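Participant: Start from the sequences, fold in the hints, and give me the full structure.
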Amino acid sequence: MRAQPEGIRVAVVGVGHWGSRHLRVLRSATGVSAVVGVDERFSGADSQQAGVGVAAYASLEEALPHVDAVVIATPPASHPGLGLTAIAAGKHVLVEKPLATTTDAARALVEAADAAGVVLMPGHTFEHNAAVRKLRDLVRDCQLGRVFYLDCARLNLGLYQSDVNVILDLAAHDISIANFVLGSRPATVEVWGSRYVHPEHEDVAYLRLDYADLGVRANIHVSWLYPTKVRRITAVGSKRMATYDDLADAERIRVFDRSAIPPDEGDGPLSHIAYHLGDVVSPFVPFAEPLAVQDQHFIDCIGNGSPPAVDGSNGLAVVQALECAQISLREQRPVALAEVARGSPAARGAALAGARHG
Numbered sequence: 632m633r634a635q636p637e638g639i640r641v642a643v644v645g646v647g648h649w650g651s652r653h654l655r656v657l658r659s660a661t662g663v664s665a666v667v668g669v670d671e672r673f674s675g676a677d678s679q680q681a682g683v684g685v686a687a688y689a690s691l692e693e694a695l696p697h698v699d700a701v702v703i704a705t706p707p708a709s710h711p712g713l714g715l716t717a718i719a720a721g722k723h724v725l726v727e728k729p730l731a732t733t734t735d736a737a738r739a740l741v742e743a744a745d746a747a748g749v750v751l752m753p754g755h756t757f758e759h760n761a762a763v764r765k766l767r768d769l770v771r772d773c774q775l776g777r778v779f780y781l782d783c784a785r786l787n788l789g790l791y792q793s794d795v796n797v798i799l800d801l802a803a804h805d806i807s808i809a810n811f812v813l814g815s816r817p818a819t820v821e822v823w824g825s826r827y828v829h830p831e832h833e834d835v836a837y838l839r840l841d842y843a844d845l846g847v848r849a850n851i852h853v854s855w856l857y858p859t860k861v862r863r864i865t866a867v868g869s870k871r872m873a874t875y876d877d878l879a880d881a882e883r884i885r886v887f888d889r890s891a892i893p894p895d896e897g898d899g900p901l902s903h904i905a906y907h908l909g910d911v912v913s914p915f916v917p918f919a920e921p922l923a924v925q926d927q928h929f930i931d932c933i934g935n936g937s938p939p940a941v942d943g944s945n946g947l948a949v950v951q952a953l954e955c956a957q958i959s960l961r962e963q964r965p966v967a968l969a970e971v972a973r974g975s976p977a978a979r980g981a982a983l984a985g986a987r988h989g
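One rule links them: number in this note's numbering = place in the sequence shown (from 1) + 631.
There is no bait here: all hints are sound.
Result set (SDA-like, lysine to any residue): computed pairs, CA atoms no more than 25 Å apart in a straight line:
1. K860 to A761
2. K765 to S890
3. K860 to H832
4. K870 to I892
5. K860 to P917
6. K870 to R848
7. K765 to V911
8. K765 to D877
9. K860 to Q792
10. K860 to S825
11. K860 to S793
12. K870 to D782
13. K765 to D942
14. K870 to V912
15. K765 to D931
16. K860 to G789
17. K860 to G647
18. K765 to D782
19. K765 to A940
20. K870 to D895
21. K860 to V828
22. K870 to Q774
23. K765 to A784
24. K870 to L908
25. K765 to H852
26. K870 to D844
27. K870 to G909
28. K860 to A919
29. K860 to F918
30. K860 to S651
31. K765 to S913
32. K765 to D876
33. K860 to E882
34. K870 to D910
No lab work stands behind these hints, which were simulated from the structure alone.
Just so it is clear, the structure is predicted and the values come from calculations on it, not from any experiment.
Facilitator: Put into structure tokens, the structure is as follows:
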């Protein structure tokens with residue numbers, strides 16, 4: 632389904648902290664003719680009273696006749712219902728992370744979009760980040776040697792959420808980055824988590840993702856209970872190591888020419904391990920706002936009919952890992968993605984029906 636030649640009309644559902652950013656970048660995107668805001672707070676308000684500078688609607692159903700595409704930036708539990716409503720109306724959909732909170736609901740979205748022939752994109756903003764793409768290139772071009780592991784930290788004091796735990800709130804970013812950088816998906820997920828302050832939801836968690844096909848593990852630490860803000864990923868290889876620091880004003884990527892060299896076979900005890908200490912290089916990474924890059928790609932895919940680089944299957948893979956994490960947290964064991972990937976037709980039907988009535 633292609634857009635009308637005069638341009639694409641987009642609705643942003645959920646005009647909060649993140650939704651307002653979508654409004655801003657979409658109003659400047661090439662190929663967009665109109666942007667509207669959708670939020671239940673706009674009931675009975677005109678666009679000026681709503682304070683968002685665009686036409687405002689109180690519900691998605693009110694907005695659907697006036698748009699070609701929908702961006703969903705509401706709490707995660709509402710994503711499937713809103714997404715399926717938009718897809719059923721023939722609209723293209725971008726859903727903020729995570730695509731859904733269960734594998735069956737995410738799969739229902741993917742299958743519905745495929746059947747309707749519309750674009751479905753998950754809001755995996757970091758996969759459109761030039762620094763993350765540079766880290767991916769370093770890994771895939773073997774500039775680090777054989778990758779041993781990834782270490783990810785996404786920490787801060789808050790913001791505590793009322794509807795999901797810290798894993799669903801924050802870990803989706805790092806799972807999508809790890810999948811993207813490694814070009815694979817984990818076979819198993821294992822989690823340790825604690826509730827220190829929040830009475831119902833874990834506020835600190837550690838995840839271990841095993842990419843068995845590559846022999847690589849990704850360790851992810853997420854926390855709402857940490858003294859400073861940290862957004863860092865480290866890739867450790869046999870020849871070099873690299874860090875991506877999203878909070879750095881400059882040098883967001885640093886490559887360390889450092890490694891540990893094991894002794895030759897039969898060449899003495901492990902105390903004879905040698906260390907290589909070389910230069911630290913920060914390659915130039917041009918900056919472009921990742922959200923603007925992502926949303927423009929969404930519009931371009933609608934306009935020219937091309938599949939998105941980050942599609943519904945990517946979103947589904949992240950949701951599968953998140954669901955494994957939730958099971959692991961509850962049952963205290965490693966959980967294979969195959970356990971949730973199978974899904975039964977009955978479960979998918981139930982997820983679809985529940986999402987439609989959500």
